Structure formats: structure tokens, C-alpha cells
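Asker: So the chains spell out like this:
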Amino acid sequence: MGRGMFFRDDPLVLSDPEADWTLCWDASARTLKFFDGAAWRSTCVTQYLLVVSDGTNLIGVDAGSAGQHLIATGAGSYPSWQTCSGYDITADQSNVGSLSLAANKNLVMSTCGNMVPAAVSGTPTEHGLYRENVPKAWVSFDGSAGTVIADNHFNVASITDNATGDYTVTWDRDFTCAFYAMVGTCQEQDAGVGTAVNVVAGAQAVGSVQIRCHIFNSAAELDANPVNLVALGDQ
Amino acid sequence: MPLVWTMPDGSVRVTRLLDAILTREQGTGETRAETELRLAPWIQRKTPALAGAVASVVDEAKIARDRSKRYKWRLRNGAVVVDETIPDATTTTLEQRIATLEADVATLKTP
Numbered sequence: 103m104g105r106g107m108f109f110r111d112d113p114l115v116l117s118d119p120e121a122d123w124t125l126c127w128d129a130s131a132r133t134l135k136f137f138d139g140a141a142w143r144s145t146c147v148t149q150y151l152l153v154v155s156d157g158t159n160l161i162g163v164d165a166g167s168a169g170q171h172l173i174a175t176g177a178g179s180y181p182s183w184q185t186c187s188g189y190d191i192t193a194d195q196s197n198v199g200s201l202s203l204a205a206n207k208n209l210v211m212s213t214c215g216n217m218v219p220a221a222v223s224g225t226p227t228e229h230g231l232y233r234e235n236v237p238k239a240w241v242s243f244d245g246s247a248g249t250v251i252a253d254n255h256f257n258v259a260s261i262t263d264n265a266t267g268d269y270t271v272t273w274d275r276d277f278t279c280a281f282y283a284m285v286g287t288c289q290e291q292d293a294g295v296g297t298a299v300n301v302v303a304g305a306q307a308v309g310s311v312q313i314r315c316h317i318f319n320s321a322a323e324l325d326a327n328p329v330n331l332v333a334l335g336d337q
Numbered sequence: 019m020p021l022v023w024t025m026p027d028g029s030v031r032v033t034r035l036l037d038a039i040l041t042r043e044q045g046t047g048e049t050r051a052e053t054e055l056r057l058a059p060w061i062q063r064k065t066p067a068l069a070g071a072v073a074s075v076v077d078e079a080k081i082a083r084d085r086s087k088r089y090k091w092r093l094r095n096g097a098v099v100v101d102e103t104i105p106d107a108t109t110t111t112l113e114q115r116i117a118t119l120e121a122d123v124a125t126l127k128t129p
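Chains as they are written, first to last, in the numbering used here: chain H, 103 to 337; chain Z, 19 to 129.
These aren't lab readings, by the way, just hints derived from the structure by calculation.
None of these values were measured; they are calculated from a predicted model.
Just so you know, not all the hints are guaranteed correct.
As the list claims (entries may be wrong) - Simulated restraints on C-beta separations:
id, chain 1, residue 1, chain 2, residue 2, range
1, Z, T118, H, S223, 51 to 59 Å
2, Z, R42, H, G304, 26 to 34 Å
3, Z, A38, H, A177, 41 to 49 Å
4, Z, P129, H, P226, 54 to 62 Å
What the hints assert, rightly or not - Derived coverage of chain H by chain Z (criterion: at least 3 residues anywhere in the stretch with Cβ under 8 Å from a Cβ of chain Z; other residues may be distant):
id, region
5, 115 to 122
6, 163 to 173
7, 262 to 268
8, 304 to 317
We put the CB at the ideal spot given by N, CA and C, even for glycine.
Use the sequences and the hints to build the structure in full.
Answerer: Here it is, written out as C-alpha cells:
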């Protein structure tokens with residue numbers, strides 16, 4: 103009898119009459135059943151089962167306890183069930199499948215690493231992160247400089263000075279359609295004058311958007327600094 | 019160096035590509051200006067309003083600084099200059115707009 107066996111769909115029966123142990127694989131029910139000398143027991147295949155032998159005979163079957171993890175203990179040694187309460191990262195044992203970080207622990211991505219959340223399905227979970235609620239692009243630039251200068255930005259390829267107070271921001275990665283949401287603010291050089299950012303009619307495309315900065319209640323455009331823009335939508 | 023687009027009506031638009039994009043896209047042995055010119059069609063495809071515009075790279079120092087006459091900017095001999103032959107805009111100044119608003123307020127306050 104070998105050590106460290108892994109059961110799949112193959113018909114399998116293991117028996118040790120002296121120890122009164124019998125295991126068999128019920129392929130139709132996808133269930134591993136074992137007789138422990140008193141009764142037949144079953145276990146679900148979605149749970150891990152530790153089968154241990156002494157090299158000749160089957161000496162034990164251990165399903166572990168709820169919340170435990172099967173931990174490798176090194177070459178030539180049997181793995182063992184261990185409680186992982188002391189770990190910084192814990193996996194939910196239920197079907198919810200959540201992964202938890204201990205208090206004051208951070209999830210840090212390496213360079214160029216990223217986390218891509220899934221699309222929302224149904225009512226969003228409170229505070230949940232979905233691909234729909236991730237800002238896809240933003241920029242803060244000086245629209246009053248000789249040539250427009252981006253101070254800070256994400257997913258922006260270029261900024262074009264079209265005319266006074268009139269700018270086009272080009273995205274590095276395009277949106278999948280032109281119907282994405284934007285929020286914009288701008289500030290005039292002379293304090294105390296209200297301003298607004300407008301999207302030029304028909305000038306919101308998948309790869310760019312044209313905006314104009316206005317003084318409130320006026321059609322005239324003005325060079326603003328800073329001009330801020332945030333865009334959310336599907337990419 | 020900015021990309022300068024000459025529009026069919028003669029006006030110009032000035033595009034500054036982000037440094038991160040230029041650094042990422044710059045080919046081996048390629049100057050920044052060459053990279054910008056190579057990326058110009060990419061920017062143009064993303065920007066419908068640039069259809070029909072002609073791109074050129076202009077040294078930053080050769081771009082006009084007077085934004086009060088932004089509407090008079092034109093590309094002349096490799097430089098963006100203020101073309102004084104273009105008529106003045108008819109838009110009102112900020113001071114004129116404030117005066118108009120103050121007059122409106124005074125009118126509203128009149129019994």
C-alpha cells in the first residue's frame with residue numbers, strides 16, 4: 103500500500119481486515135466512503151481527506167476539523183491538519199469563499215501588479231470593489247500655461263489646447279463606448295469667480311473628451327488652473 | 019516638444035503628450051520629436067475633432083505665450099505666432115461681463 107494517495111474517479115477499494123478498515127470510492131455519488139468497524143461513513147469530495155499509512159498498512163483516515171488547513175510538513179513527512187488562526191491571511195471555509203486580512207495588514211502589489219475586480223452582479227455589496235466603480239482615468243492640469251501641463255494623471259495619453267478654456271484629454275486605454283461618466287472642476291486665476299466644466303456636445307468619444315471651462319452665467323471660456331477631470335465607465 | 023495641429027480653418031491646436039507615454043513608446047534610436055510625430059495618428063484617431071488636421075512638431079520656445087490672443091495663434095514658418103491680421107474677437111472681457119451682471123443686479127433691486 104502506497105503513501106500519500108490521491109483519489110479521483112477511478113474505481114477504488116482499500117481494505118485492511120485486521121484493522122477492520124475499508125475505503126471505497128463511489129463514483130456515481132462522487133463520495134469517498136469508509137467503514138470504521140462500526141458503520142459506513144461518507145465524506146464530501148470538496149473536503150480534503152488525509153489518508154495515512156505506515157508504508158504497509160492503512161493506519162488512519164483524518165478529515166480534520168472545521169477551520170483547519172492541510173499543511174505540508176516537508177519531504178518525507180506526512181502533511182497535517184493545523185488551525186491557522188494565527189495567520190495574517192485566512193480563507194473562509196464556507197462556500198462564500200472570502201479571503202480575510204488580519205487587522206493592520208496591507209495588501210501590497212509588486213511593481214506592475216494590479217487587482218482586477220469582477221463586474222457587479224445584482225445589488226452591490228456595501229463598500230464592495232467592482233470594475234464598475236473603479237475610476238478609469240483622471241487628470242489635473244494647468245490650462246493657463248503657454249502649453250498645457252499635466253500635473254498629475256492616470257490613463258491619460260495627451261492634453262490638447264484647442265482654444266481659450268477649451269481642451270481635449272486623450273485616454274491611453276480607451277473606453278468601450280462613449281457613454282461614460284465624468285466629473286470636472288476648474289479654477290479661475292482671479293479668486294471669487296465661480297467656474298464650471300462642460301463637455302462639448304458630441305465631443306465625448308471612446309478615446310478622448312473635449313471640455314470647456316466657463317465662468318458661471320457666461321458663454322465665454324477662460325483659461326483655468328487647475329482643471330480636474332475624473333472619468334468612470336466600462337473599458 | 020508639443021504637437022501642433024493645423025486645422026482646416028487655419029487655427030491651431032497644441033497637444034502635449036504625457037512624459038510617461040513618450041517614455042513608454044520611444045523606440046530605440048528615436049528622438050522624442052520622432053516619437054511624437056509617430057504617435058500623432060494615434061492621437062488623431064482617438065480625437066474625432068482632429069480629423070483633417072495636419073500635425074507637426076514645434077519647439078516649445080517657438081510657441082506664442084500670449085494667451086489673451088489665443089484665437090490669433092497660427093503656424094507660420096515652423097513657429098506658432100500671434101497673427102495680428104486676424105480680426106479681434108467680439109467676445110466681451112471679464113470686466114465687461116461683471117459690469118453687465120452688476121447692472122442686472124441694480125435693475126432687480128429697483129422697486
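Asker: Does the Cβ pair T118 of chain Z, S223 of chain H satisfy 51 to 59 Å?
Answerer: holds (54 Å)
Asker: Are there at least three residues in the region 115 to 122 of chain H whose beta carbon sits under 8 Å from a beta carbon of chain Z?
Answerer: violated (count 0)
Asker: Does the Cβ pair A38 of chain Z, A177 of chain H satisfy 41 to 49 Å?
Answerer: holds (47 Å)
Asker: At a Cβ distance under 8 Å, does chain Z reach at least three residues of the region 304 to 317 of chain H?
Answerer: holds (count 7)
Asker: Quick check: does the Cβ-Cβ distance between R42 of chain Z and G304 of chain H fall within 26 to 34 Å?
Answerer: holds (31 Å)
Asker: Given a hint of 54 to 62 Å, does the C-beta separation of P129 of chain Z and P226 of chain H actually sit inside it?
Answerer: Holds, since P129 of chain Z and P226 of chain H (Cβ atoms, about 55 Å apart) stay within the stated range.
Asker: Quick check: the region 163 to 173 of chain H, covered by chain Z? Criterion 3+ residues, Cβ under 8 Å.
Answerer: violated (count 0)
Asker: Do at least three Cβ atoms from the region 262 to 268 of chain H come closer than 8 Å to Cβ atoms of chain Z?
Answerer: With 5 residues close enough to chain Z, the hint holds.
Checked against the numbered hints above, the structure breaks hints 5, 6 and satisfies the rest.
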